[in-house]
Amino acid sequence: MKPAAFSYHRPKSLTEALTLLAQYKLDAKVIAGGQSLVPMMNMRFAQPAHLIDLNVLPQLAGVRRSGDMLEIGAMTRHHELAANPDVRALCPLLACAAATIGHYAIRQRGTLGGSLAHADPAAQLPLVATALDARIEVLGPDGIREITAAEFLVSVMTTALEPEEIIQLVRFPCRRPFEGHAFELFSRRHGDFAIASCAVSVVLAADTFAHIRIGLGGIGDVPLVLDDLAASYAGRQADMSAVAELSAHAAEAIEPQEHREISIAYRRDLVKTLTQRALTRAIRCALQDS
Amino acid sequence: MEKKAICLSVNGARYDVTCEPRKLLSDAIREDCRLTGTHVGCEHGVCGACTVLIDGRPTRACLTYAVQAEGAQVTTIEAVAKDGLLSPLQQALHECHGLQCGFCTPGIVMTFEAYLRDNPRPTEAQVRDVLSGNMCRCTGYQNIVRAVLLAAQRMCEDVSYV
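Protein chains in written order, with this note's numbering: chain A, 49 to 338; chain B, 380 to 541.
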């Protein structure tokens, strides 16, 4: 499996990268880690005429705290997301989810920006970004604009990124006091794409729910956030019966598509189990603050 | 498509290669550098046979184009044994019967040479998690896991590896 011919560009600055994108537009594809793009090119599902490589632009990688947000450069690799002490402490959901992506060698190379731009409906990082309402900062010919993850992810492998734009960084909210995170996924083989996944953030006030975010992956074209359902549990006691009830409602709230190998009933059952596990772990994590 | 002249640094040696930008690093290593220890299996990042180190990090050579490796230090299986002496990991694979046909072995060795450097005392569960990225169709993984754990133990005991 060899890719179709292309021209290779290695810009030395972001300005040069933007100039190349403006010149080639839809004929060009930006390559970050390449862990999804290169398989697609090798199988000739993607045949860009020009490849613009961002791997030599170190300014696009890195993690820094800015007030109550964590700013993470688009070229930050999955293994860095999983291992970075700031990410682990301030955005544990992101660190936990990143540690489950693909395999060890894939995580050394794959990037945050690349995963978001690829927008696979079963991928971990688009789900976490949506569940935490992350902001994506995009650089284009007219300057910088910021998009919410929910606005950014339009459909299957389709984003709001214009052909002349590059993702610069992503802003994730730092974990608040009494906030717990948990990530759960199920795949048939370790490292495969998830059949279903669940990302949860829970904020407790004493032993009641103050705020809940439940994100589900692998269910529809884009990650799904159950805002209305979660809001109806605000003020309820955060105990096992509430968790069981909420998980059952989450499984009813989704509308998965029939798949020849994975029935709707099976996917609903997975969502119920994963949501229950994630909520339980997130509550335990939030209680550690008290 | 026009060929590009690039300079690859593999195992500390310089290779001047002229190739199309679409040439996979795995093919350049085998065909242009004539280092055939790096094996090619699936060519879409699933099997792990072509894993090499790029600047010390395990990387699928089939998911990297050779032109991208210019300016980086590439390390392949040929550089693991020093002066004819197997590395502790290679020695442990040999002793534990961690290979039969050997096709997947170079990728496994490159993956764990890097992993054990970062995580010198892995649990069995951690070894299995990392090994999930390398497919072996002969030995069924049990002896590979044993070999990695044995190598880790020996490397921790021998101060020369710390």
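Among the hints, erroneous ones may be present.
[Stated by the list, open to error] With beta-carbon atoms standing in for the labels, derived distance ranges:
{"hint": "1", "chain 1": "B", "residue 1": "Lys383", "chain 2": "A", "residue 2": "Gly110", "range": "25 to 33 Å"}
{"hint": "2", "chain 1": "B", "residue 1": "Ala460", "chain 2": "A", "residue 2": "Asp168", "range": "35 to 43 Å"}
{"hint": "3", "chain 1": "B", "residue 1": "Asp462", "chain 2": "A", "residue 2": "Ala137", "range": "40 to 48 Å"}
{"hint": "4", "chain 1": "B", "residue 1": "Ala460", "chain 2": "A", "residue 2": "Arg136", "range": "32 to 40 Å"}
{"hint": "5", "chain 1": "A", "residue 1": "Glu303", "chain 2": "B", "residue 2": "Glu410", "range": "47 to 55 Å"}
{"hint": "6", "chain 1": "B", "residue 1": "His423", "chain 2": "A", "residue 2": "Arg284", "range": "32 to 40 Å"}
[As the list claims (entries may be wrong)] Simulated coverage check for chain B against chain A, where a stretch passes if three residues somewhere in it have a Cβ under 8 Å from a Cβ of chain A:
{"hint": "7", "stretch": "429 to 438"}
{"hint": "8", "stretch": "517 to 526"}
By construction, these hints were calculated from the structure, which means they are not laboratory data. Every residue gets a Cβ at the ideal spot worked out from N, C-alpha and C, and that includes glycine.
Consistency of the hints with the structure:
Here the CB-CB span from Lys383/B to Gly110/A is close to 30 Å, well matched to the stated 25 to 33 Å. One distance hint, 35 to 43 Å for the beta-carbon pair Ala460/B and Asp168/A, holds here, with the actual separation near 39 Å. Take Asp462/B and Ala137/A: their Cβ atoms lie about 45 Å apart, and the range 40 to 48 Å holds. Against the hinted window of 32 to 40 Å, the Cβ-Cβ separation of Ala460/B and Arg136/A comes to about 36 Å, which satisfies the hint.
Distance hint check for Glu303/A and Glu410/B: the Cβ-Cβ separation is about 50 Å, which falls inside the suggested range of 47 to 55 Å. At about 47 Å, the CB distance of His423/B to Arg284/A disagrees with the hint of 32 to 40 Å. With 4 residues having a beta carbon nearer than 8 Å to a beta carbon of chain A, the stretch 429 to 438 of chain B meets the requirement of three or more and the stated coverage holds. Taking a C-beta to C-beta cut-off of 8 Å, the stretch 517 to 526 of chain B contributes 0 residues in contact with chain A, too few for the three needed, and the coverage statement is violated.
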